[in-house]
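Given next are the chains, with one letter for each unit.
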Amino acid sequence: MLGHVNTSISKKSSNVIFHIKNLNKDMKFKRLLLLKKVLMYSLYGIITQLLVGGMLLAAGNTHGQKVKSVKDVNVDISFTDEKLETVFSKIEDLTEYKFVFFEKDLSRKTRLSGSYKNTTLYEILLDISKESNLRFKQVNKNINVQKPNKKLKPLENEALVLVLKAIDIRGTVTDINGEPLPGVNIIIKGSTNGTVTDVDGNYKLTVADESSVLVFSYIGYETQEAAVGARQVINISMTPDLTSLEEIVVIGYGEIKKRDLTGAVVALSEEDMTTGAAVTSAAQMLQGRAAGVEVSSGDGKPGGELSIVIRGNSSISNSTEPLYVVDGFPIAAGVSINPADIESIDILKDASAAAIYGSRGSSGVVLITTKRGKRGKVSVTYDGFAGVQQINNTMEFLGWDEYAANRNAFYADGPNNGLPWYDAADLALENDTDWIEEGTRSAGIQSHTISASGGDETTRFSLSANSFSQEGVLLNTDFNRASVRLNVDRKFGKKANVGVNMYTARTKASEVWNRAGFRGNSVMYSLLMTAPGRAAYNPDGSYGNTVFSRDNANRPWINPLGRMEVPERDITGFRTYLTLWADYEIMEGLVAKVNVGYDNTTNTSSIFYPVAYSASGLRSNADIFEAKSTSSLIEGTLNYTPSLSEDNSLNILLGASNQYFDNYNFFARGRDFPTDQTSFYNLGSAAEQFIGSSRAASRIISFFGRANYSFRDKYLLTATLRADGASQLGRNNKWGAFPSASAAWRISEEDFLSSSNLVDNLKLRLAYGVTGNTNFSPYTSLARVGSTALYSYDGQSSGTGLTVDGVYAKNPDLKWETSRMLNIGLDFGFWGSRMFGSAEVYNTNTVDLIIDRPLPPSAGKVYKRANVGEMNNKGIELTLGGDILDGDFKWTASANLAKNVNTITKLAGAPISLNIERRPSWQTREHVFRQMIEGGEMGDFFGFVYAGIIQPGETYTPQPNSVAGQAKYEDINGDGVIDGDDRTVIGNATPDFIWGLNNRFSYKGFSLDVFFQGVQGNDVLNIRALMIDEFTSTKANDRYSSINPSGTRPGLSYFYGEYGSYVNTEFIEDASYVRLKNVVLTYKFNSSNISWLQNAEIYVQAQNLLTFTQYSGFDPEVSFNYGGSSRAVGRGVDDNGFPNFRTYTVGVRLSF
Amino acid sequence: MMIMKMIKIPLLALGLMLISIMSCKEQLTETIYSEVIADTAYETEADAEVLILGAYAGLKGWSQGFAAYYKHNYIQLSELPTDYGQDTWSPGTDPLETGTWDGNQQFILDVWASAYLVVDRANFAISTLEGMDIDANAKAGFIAEAKFLRALAYYDLTFNFKDVVLKLGESEDLPLSPQAEVITQILKDLTDAIAVLPSSDVYDGVGRATKGAALGLRAKTNLNAKNWAAAAVDAKAVIDLGEYDLMPAGQLLSLYDANNRSDNEFIFAVQSETGTAGATNTLSWFALAGTYQSGGWGNLTVSVDFYNSFDLNDERRTLMANGYQDSRMRTGDDGDMYFAAPNTPEYDALAIAPGIDLVDNTSVPFIKYAGGHDRFAPHLGAGTGVNYIVLRYADILLTRAEGLNETGDQAGAMALVNEVRARAGVADLVGLSQTALRDAILEERAKELFMEGSRRLDLIRSGRYIELWRAGLEAKYPGSNFNYLDDSKIYFPVPQIEIDANEQISTGG
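Protein sequences, first through last, are from chains A and B.
Just so you know, the first sequence maps onto residues 4 to 1155 in our numbering.
Just so you know, the second sequence maps onto residues 1288 to 1796 in our numbering.
Just chain A, same shape as in the assembly (with noise of 0.2 Å):
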């Protein structure tokens, strides 16, 4: 029992995949997990005191009369005019003694003369004692030498130590919350000596003396060591520890012990996740962390979104972004937190984990929880960064000379009858322009929190203010954010417990205008299209403004730096999210709480184009446009947790919630303004003004129940169950059953495995659960009605007036989208836990997909949104953590990996086909870049199959009207003519898996993570390259023209073909990639002698420091929104993203 008592606690932190949780997430099942563990402890540490503390008091009577005291040595000896040193030498010689002494205590002059018989060495060390001023302890086989205390008296007899002096110890010993903790073991360092905390935390124990170190271990919780020193009362509180089966996970309404865990749940902790520089958003800090988690940025943009795919994407119509649930408060949209306010991220991966969220389950459930303060003295922590972010920029552009030359050369060839597109004149500028250069910058980035936490017996509090700014690396972005957090708690008698948890941000962002899928008037497109040839900025330092023979008067060149720095963009948003709570012991075992959570967001952005920037080139521009979100929750629960028998125990949750979600949106234009000095603040001064406003609510209600039953620890059963009423779904199906059903096999408690040394711990889990997605847009259901121009009988009197929706039908059997996921999970820890790990296998169907069905004319509607797809997604996943070496070197490691096949089962008749918005040319015929069919794929793309450029003198058949140079494309169908009918899957976005990879090297002060982040076998759509490398890039160099007869890439009509279109597999990339996502030196300094300071690091950090890929663009991470309300399904189009960068940033963490 002993030894495997001392195998539980030994296991050191070895981070990265699970941690531990404070367990003052909520205090009502805090204090039922005391209860339970005073029950499952009591019992267990007065076991221990009885067996273990008696033993090893027996043990330590034995031991002290093995060791003689110095009064009972006897020796024979003598020295004449020697040093201390060679007296004590001799002496050890003599006896099993040891001196330990500091030779400055031991006075040179001192020479010594004896001869003894048969003494007692304490007569012996009596005289060196007169003779030397010296003082002699004895501690078993030690003998201290100090030098006297000058306090005090000298006693002659009593300059020597008593031999074995014991000290009385007490204390108690309790948790981090400051709740008494029993049974907890205390052994005195060396020895086997020790004892056990009784129920109330407290102990006794006798130790030697001030240099006797205690040891205090207790299962679940780091262990601790205490010097004595001049202490006779030594509390501890205790710190989970982080890789124990004791870890808690947040489960929703609850949290439970890793090790009861049946359902694919990922705990996160703060050293689990990037954090530091750069991180501005919860998104980022889960980026290849988590197994089957996929995190893409696809934008650079400062404070921009990231989308996050949670085994694979289950809805073609709806959002697939997972439930973010924020100190238990689902929030409504978009997570606006500041990073170093979390303190752990739990995601719910499988249905049976999510079902607890029922109707909103269905993409799984991110569960943050924000810090806390301790029971204990206040602390007061600086967090702090700056750094640099500079983009990566991997293309080459060609300069001035060749630009002309081969664009004049196409021109020549082509459409221009032998003309050269610019003049002598033009060809004479001597501009050259790098305009990536020119519009990018380095960009500064910068964060500082202060925070302060702490508590008393009865109150909690964590406070925390941050500012955050960062400059993005196109000129005239940036990203600010003011945050303060406020989270409060506080006990009332024996039995409640009130807290609020508040949140509130401003961010304030500056933009130019690039958006994706928008080629035109984007400020990328016009960096990376614009001639070298023109200036930048003319030699007094205005724009540029070139002008070249071709040029059209009335619609002359604008200067993309001066549309990036001349128009003005203001995004301010403020954000506040409020809960109340309070719990309430009704017996023992039964714990009621209520929660009331309020969220609201504004946002408003102003953008004013003067005349010379506005889109049209001829009139100012402003918009302010405001949007207002609030949602409003208010749920209860009743947690019950029986006393039973030792072997079976029994938690269940009972609740229910409502949550209502409102959002306005007011709009309003101006243009053609008299003066641009105005900006947007004054839009009534506008010839043209416009307005707009519209606002829908939903409410969804619920009742919610789980079971959690566990028999002698080895067998473990949870059960949910979630009814959803949702006011968006169509009348005949207001409401949804959400049920779930788990199973857990702890193998590695029973009793052929228990005493194994290999395994320690071997879990097997089954589930199976239903979830849902409601993710879509208030009235859908119903029968609308829109205005239209009406019937003007009379020829005279027009008007408008109300009529009903031509497109839509109403469909008040509309629902949500179901999934049913099974999932089998294997959890493992060999070596004592120096190796551990997790398997999971899954396979998802979803049905009831929301498409929009094509109704048949006749219906007179032209869809209705209906439940008529259905989908497969299945996969695996695999976690492996381990302690590759410990000592003062350590290494630790941890991976994942995760694969996910997506197929579409099942549509509405006709395949769904995503289009690329805005054509390079509107000669260009076909757009479709996505087709959805049954059997494909969601990330498929659909398009032409490149075959090369036909050569001179040769005939395509299937292409008559081809010329030499011109872009070939296959036949697929055979018949003989290129078309639309000859497009075929030519790749998937879809990555074949998705991995992470990160090292923890430690030594002493010093810590080193490197973190590696991949995708493997995705491809992209890259638009970027089909405009770059038609005229800008290196690549144009080897396109056929008259001047270059032996390029091997398509000459003319290239991008403006009769045939075929530019989605072709020429511009399918291969986007795998390996990046070395994060690297952090961090410096611990040692401030154990520093009273007032409890922590001080210093890092350094770099993110995004190497990337390898054949990706030929900025970056092969893309996820636009194409076409889909859902960002996944029109993933993997690079067009005109804002691009990534790398940060370099250096920071330091400050606790007082």
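Since the hints were derived computationally from the structure, they do not count as laboratory data.
Glycine residues also receive a C-beta, built at the ideal position from the N, C-alpha and C atoms.
Some hints here could point you the wrong way.
According to the in silico footprint, chain B covers these stretches of chain A (three or more CB under 8 Å from chain B) [as the list claims (entries may be wrong)]:
| hint | region |
| --- | --- |
| 1 | 252-266 |
| 2 | 718-731 |
| 3 | 862-872 |
| 4 | 983-989 |
| 5 | 1043-1051 |
Straight-line alpha carbon distances no greater than 30 Å define the calculated DSSO-like cross-link-like pairs of lysine-lysine that follow [as the list claims (entries may be wrong)]:
| hint | chain 1 | residue 1 | chain 2 | residue 2 |
| --- | --- | --- | --- | --- |
| 6 | A | K150 | A | K86 |
| 7 | B | K1312 | A | K631 |
| 8 | A | K631 | A | K511 |
| 9 | B | K1312 | A | K737 |
| 10 | A | K893 | A | K374 |
| 11 | A | K374 | A | K260 |
Chain A is fixed; fit chain B onto it per the hints.
Just chain B now, kept in the frame of chain A:
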């Protein structure tokens, strides 16, 4: 005490919350703000009128890319696949002219979809009106108008497509109903409407359904259903209303004048506002070209043979060959711009100035949609506001004539035909046999009603559709082979998109 009070708060709140959740049903009913929901959108009599005007607007509204049929589409569908209709727009309407359409032909699909948009709005109006608490007479009147509109849409559907989906409520995916059932429903709706609808003076015009319009449409329905006697009776009922007459001879052009839209020769004509692009009649864009109609295409024309078949004194002949057609214009000796198609007397009469290159032409434009303007008037811009004629008095006279001839009253029939001929300035018919008169009426209908959306149904009814259509094509395009035209082309195919999306049709129900 304080503490005891505070700890009861959670319990109290929990209890209150549970009680509040009890009223789930109400809470889950959506609260509407900026949207308008059909159930609550219409309350007053004024709302009811909006509802019915919205249904009328379906006649020329747009529905998700389906160009509405009473702006131009139905005319092209009814006039191009005939003996005289001719187009110059190869990819767009060639398949209509030559009968090479398939189930994906856009114009056919447009008419099908647009007609059902009207059916859907009429159905919606009827069911909404029935639930409204407004004046009973007003309500009955609006319902009667909706039934007229529904009958009109089904008239166009069943006589062009034969068996069609008969949708009278909100259901989707209905099977095809036999033509006889559809005709029964049309007659029922019209009979209901006739009992309620007012006379034409109520609306100060001809733009809304009246008793005369419903009677006239029932006459035409019976005519196409070959219920000859009933057709004659209904047509007589229209005549006996005394509300309608013929535009006097010599003023025929003014019948098509945008400023004469409520002339009492019209029984039902869809109205348009001049200049408002959204609501206008866009036939002029197709029928007139170049400088006459800014941006017009001039690809809806009649054949030269048809033009030449008119008596030189026939006033109706002046409605053709007068428009500017930029590629065919030339300056006459008087300095004015003239147009003339080759092989016409005007062409031959014009002196051709040296150096002017006349483009060879084989089709003749017409100016029924020019807004009443002749060749020298300035063009009208985007919207002519000209009537889209659904029913006019001349049609009713010829309808009764046809009914009488088929039931043996040749004299009565000829008298009616001669009323029409007299107005055009051509000689009376005399002493024709039933068979000869049948042919004469068919020809008279062509000359009187050409390009007004009647020809295809007239030809189908005559039983000589394929024969005459093929002959017309062979004359227009000598040397081409039109043997592929057979009885399968009498009716348009149900559009493929309907078959694909409608499980009741694609799987046979």
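Hints versus structure:
1. 252-266: violated (count 0)
2. 718-731: holds (count 4)
3. 862-872: holds (count 5)
4. 983-989: violated (count 0)
5. 1043-1051: violated (count 0)
6. K150(A) with K86(A): holds (16 Å)
7. K1312(B) with K631(A): holds (27 Å)
8. K631(A) with K511(A): Measuring from Cα to Cα gives roughly 16 Å; hence the hint holds.
9. K1312(B) with K737(A): holds (9 Å)
10. K893(A) with K374(A): holds (28 Å)
11. K374(A) with K260(A): holds (19 Å)
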